[in-house]
Each structure stands twice: as C-alpha cells, then as structure tokens.
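**Student:** Residues per chain, in single letters:
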Amino acid sequence: MSERNRLQVYEVLVQETKDKFPVNVGSVRAPSPTLALQMAREVFARRENCVKVMVVNREAVHVLDDEEYLGYARKKVFRLPFLREREARPRERNGKQEDAG
Amino acid sequence: MTGYMTEQEFYRYVENGGKVDATDPMPEAYKREVARIMSFQALAEIVGTLLSAEWVPKAPSVIRKMMYTAKAQDEMGHAHILIRQCEDIGVTREQIIEEYLAGKRKLLNIFHYGFDRYEEMVVGMLMQNTGAIVQFQSLVKGSYLPYIRALRKIMKEESFHYNLAVDMVEYVTKNGTNEQRQIIQEAIDTWYPRMLAYFGPPEKGEPPVDALRWRIKCDTNDDVREAWLEKIVPLISSLGYTIHDPLLKKDERTGRWSYTEPDWEEVRRVINDGGPRSAYWKEKIRKCYEETRWVRDVVSRYSAGQAAAVGA
Amino acid sequence: MGFNPAVERFLIEWALDEFVVGHLLGVQTFHYGPDLEENIAVGSISQDELGHARMMLRLLAEDEKELDRVVYTKPPEEMKVATLAQAWKETDWSYLVVKSMLYDVADQVRFDFFVRLPDEKLRTIEGMMGREENVHREHWQEWVDILSSDAEGRRRLQEALDELYPYLADFFATDVYEEVAKAYGMAATDKSSLLGRCLQQVKERFRPYQYTMPLADEQMVRLLEEPKGRAGRHLEVFKEIYADIHSVYDQHPEMVWG
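Residue numbers (the numbering used here), protein chains in the order written: chain A, 1 to 101; chain B, 1001 to 1312; chain C, 2001 to 2258.
Hints should not be assumed to be uniformly reliable.
One side of the interface only, derived from the structure: several residues of chain B facing chain A at Cβ under 8 angstroms [to be verified]:
1. Met1005
2. Thr1023
3. Gly1077
4. His1080
5. Ile1081
6. Arg1084
7. Val1299
8. Ser1300
9. Tyr1302
10. Ser1303
11. Ala1304
12. Gln1306
Just so you know, these hints were derived from the structure itself, not from any lab.
Quick caveat, the model's predicted, so the values are computed rather than measured.
Every residue gets a Cβ at the ideal spot worked out from N, C-alpha and C, and that includes glycine.
Full structure from sequences and hints, please.
**Tutor:** Written as structure tokens, this is what we have:
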C-alpha cells in the first residue's frame, strides 16, 4: 500500500469559454503531468467544448479553507456600497439563519 | 461550517439540512457512512458497466458501437468521480476493489445478472437508467457536498443515456421482427421485478437508518421506488409494451402505487450468495485487476520522481 | 461515390484497420486497469478510431446502413485488416502499449501519404483526424516512457516489441499505395520506402530507451512479400474478434439498427 500511496493526484481546472475564468472541476490520479492533462480532458471535458484544461499537482497547491475566517467578508460592512443602514439584515444560508454581524 | 460543533451539534446541523464538505471536521461515523454509500455506488458502476460492455463489441452498427462505447465510458467516469471523493476521505479504489474481490462487499441484486440477448440489453439499459435517475434525483438533495457535486455531473450524463435507451427500444420496435419485439416484452417481464427490488426492502414504518437521519440519503426506499414507477409505467406503455403485474395500480386519491412485492427472500439470496453472473463478473475484474497490478507498481515508483519534482 | 476503385480500396483498408483497432480499445475500456482514469482515456481513443473509420466510409456510402455493410458483410478473408491492427492479448498492458505505439506511427506514415493526395473530397476528414492522432501518439509515447523507467517494464516492452515489430511489414504490404498514386497521376510510391520511413520513426521513438529491434531493415523489406492480414490471412485471435463483431449483425443482416 505504501508504494501505491505515491501515486499523484492532480486538481483539474477547466475554462469553458474565454470570457470566464478557469474553474476547479475535480481531480484525477495520474502517472505524469502529460497523462494527467489527457485524462483530465477525457474525464471532465470530453462531452462539452472548452478552451483550456489545466492540471496542478495537489501537492503544489497552497490552501486556505478556514471557513470561519473566510466568512468574515460579509461582516466588513464598510466595504458595502450601502454602508451601515442595511447591515444587520440576516441572510438565509443552508437553510439556517446566518449571523450577519 | 462545522468547525466548532460538537458531535451532537453536527448531527442536528445535517438533520436540519446543513451541508458538509470534505475538508470540514465531521464525526467518524458520518464519514464512514458517506464513504460506504459512495463506494457502494462506485463499485456498482464498475460492475454495472460490464453488463452492457459485454455487448459493446457485438453492436451491430458502427454508430451504435460508438454510442455504447461512449455510454459505458461515462459509467466508468461515474465510478471514477465517486471514487475520487472516497479517496479524499481515505478510502482508496484499491481498497474498494480488493474488498469486493475478497467477498467483503455486496452488490445490489441487478448486478448479479447479465443480458442473454442484445435486445434484452436494450431493455435492461432503459430499466436501469430510469432507476438510476430517480435515485440520483433523491440523493442529490443530501448533506455531503462532494457527493452532490459528483451526482450533478453523473445526472447530466444519465439524461443522455436515457435518450439513448429510449431511442434504442424505439428502433428495435420499429425496424425489428416480431421475434425481437417479443424478446423486448420478455425482457421487460424479467427486469421489472428485479428493478422493484433494486430500490431495497420497504422502510415504511421502520425507524430511519443513519444515512436517512443524516440526510446522506434523502428518501426512503419506498419513496424512490414510487418515483420510478411514476416514470417507468407511462414510459413502457408509450413505447407499446406492457408491464405484467396484476396488482400494479395507482391510487389517484393518495397518488401511491400498489404493486406485487418482489420475492424478498430470493433477492436476499441473490445478494448474499450470488446470481447467474456474479462469479463471472468478479472473475473478470479479478483478472484485469491482478494482471495490471505490475503497471500500477511501476507507475507508483515512477510517481515518486514526480512527487520530488514538485517538492512534495 | 465518385472515387477511383484504387482510392476506394485504400479507404476501405484504412477504415477496417481503424475499426478493428477501435473495437479492441473498446474492449479494453471496460477491463478495469491499469487505472480508472486510463480506462476512460482509452475509451476516448477507441471512439476516435471508430469515428475515423466512419468518416472514411461516409465518403463512400450513401447512408449508415450502406456504411455498415462495408464493415459487417465481408467474409474474414476479404477483411484485409493489418495484422498489427488485430494484434490483441487480453489484459496485457505492455503488449497494448507497444501495439498502439507501432500502429499509430505506421498510421501517421499512411496519413502523410493521404494528405498529399490531390483530391478536394478527401480534405474534409483530415483536420480532426490529424489532431486526434497526435494526441494518441503522445498518449502511448508517455506510457512507453513511464514503463521504460523500470526494469520489469523494460523487459515486458522488449518482449512485446519482439513479437509486434515484424507486423509493421505487413501493414505496408499492399499495392494500394502504388495504385492510388497512379490513379492521381502522382510519382510512384513504393511500399518499401513507406515502410522505411515508418521503421525510422519507430526506432527514433524507442531508441532513447535502448530497445533492440528484432529484425534488420532488409529483413523487414523482404517480409513485404509475405503479407498476412493484408492478404486476409489472420492471427488466431482474429477469429474471436470477427465472431464478436458479427454475432448480432448476422442475426438480422437487413435490419437498420439506427
């Protein structure tokens, strides 16, 4: 098993059209970057046209996913165009009321 | 969003419709259940592909051959996307296949059979595909986000397969002989009770299983079965065939279907002890898996170099 | 449909090669391994090859059924399928990698011949085919590269190469190139020069890994006089391939399956 754990996982990004940014659509396990690209195309973009496919070795991706911290954006009401007046309105999310701070 | 929850809070969260991502903290039991359901479906896709793949090389026209190859390739793709979600929470594809080969994983009843005729496959695809569609429409409402994302991709392709399956039945019906139409009707008779059983034993009145409480599954087996009947009954009759079930009837007042209960004893026996093709499918996968093991080993050694290249 | 018989024969030979290659890769798609992603990639290559066969036959046939008749109604001895195209060992990955690499290189030599033909009607199919074949060659070359990084991989590849390399001669052992060149009033194209070009390219692809070619070029040229698949004399495994392809079709040969 330890041998097999060395197999590399690549995150796949697909750009649908030129006026959009590429989006992370999933991942493939592949022997090499060249095959990862081919597999990414066949797994995620064979049925629909796109303009670009990218793969990134997962090990090379730096991640920030602290949702609590990333969820503070809404609390920075001074960045909103309507400033303070409407700040306190709670928003619906995931079926639960979210504290708008 | 589950960062600071206690286990109790987590379960209340998912029971109330909260969603969970792969990177969120989650109780071990929830993670196990999610992995169990996703890997169960992944294995079903791998074995299920063999049922139609047996007929792909025999497809009687160039364009049909291309269509079936594309369809069966999609199914391998479904297995792939589910397996990637399993791997992200620690259950590898090797583990899934090896447990199956060791007899530690069960398959739903329909994957223990095969198709004896091309025309039977045409019907089998239609029955299985409609079953898959109603099942996924239910599962996609669930709590585990990676599963939902995978299902969305899968459902898109299932709608292609639905059209392909209907089109094939229509072609054989229109251009085939009486004997072929007869085979289609017989295949419907054979696969209808199997499909009824496919959705699992009745859960009405039973306390909900974990998967239901935690909203990994969203509807009872009974409700999904009803949804299938709602779809398949008018479809079969619009194609000019009959479902031979004397009890089949919709109560217009309640909207519920009545039907002849599958022989659950037989279903359990097939699932536990195997059906006509169980050993054959398993042997096929074993041979392919074992005889390509050396390739995965070479790739793994090669990949160590790839890992070093990105500084991992 | 307005083609010289030699050109028609060229297109049919080519289409049948592609059909059989696509058929076998289709079988491989559903054989789990070496890994799921690879199954899916192979599935696409299979559909590409079947698609190429269909594109070629569409140049000759009025409709799908007429197109199918070209593929499905020939007795085995009239299927002039290259031995290389029909070579197949179930679940033998190194064999498939070498076969596909050799076939795709030979196919490229054929494709280069094809694009030089001065016929507007042929131009419609080459763009997509050419691009897809480039990706296929890259695919198999990558596998040659990966498997060659390892002693066991190298041993298996050499073994496959020993068996499959001689089949390259049969691939070009047909008079169709000369006849097509004559039909278009082009300079004579002899099969030994096409074979020579192919062997050159094969050696370039395998040489970096120190593989040995089992036969010298002169021996290969002599094999041009002993066509196998190209003369309808097939490998044992072709019986099974042929039976599979025909099993449903032959039950209702006149049926339009759509």
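**Student:** Quick check: which numbered hints come out false for this structure?
**Tutor:** 1
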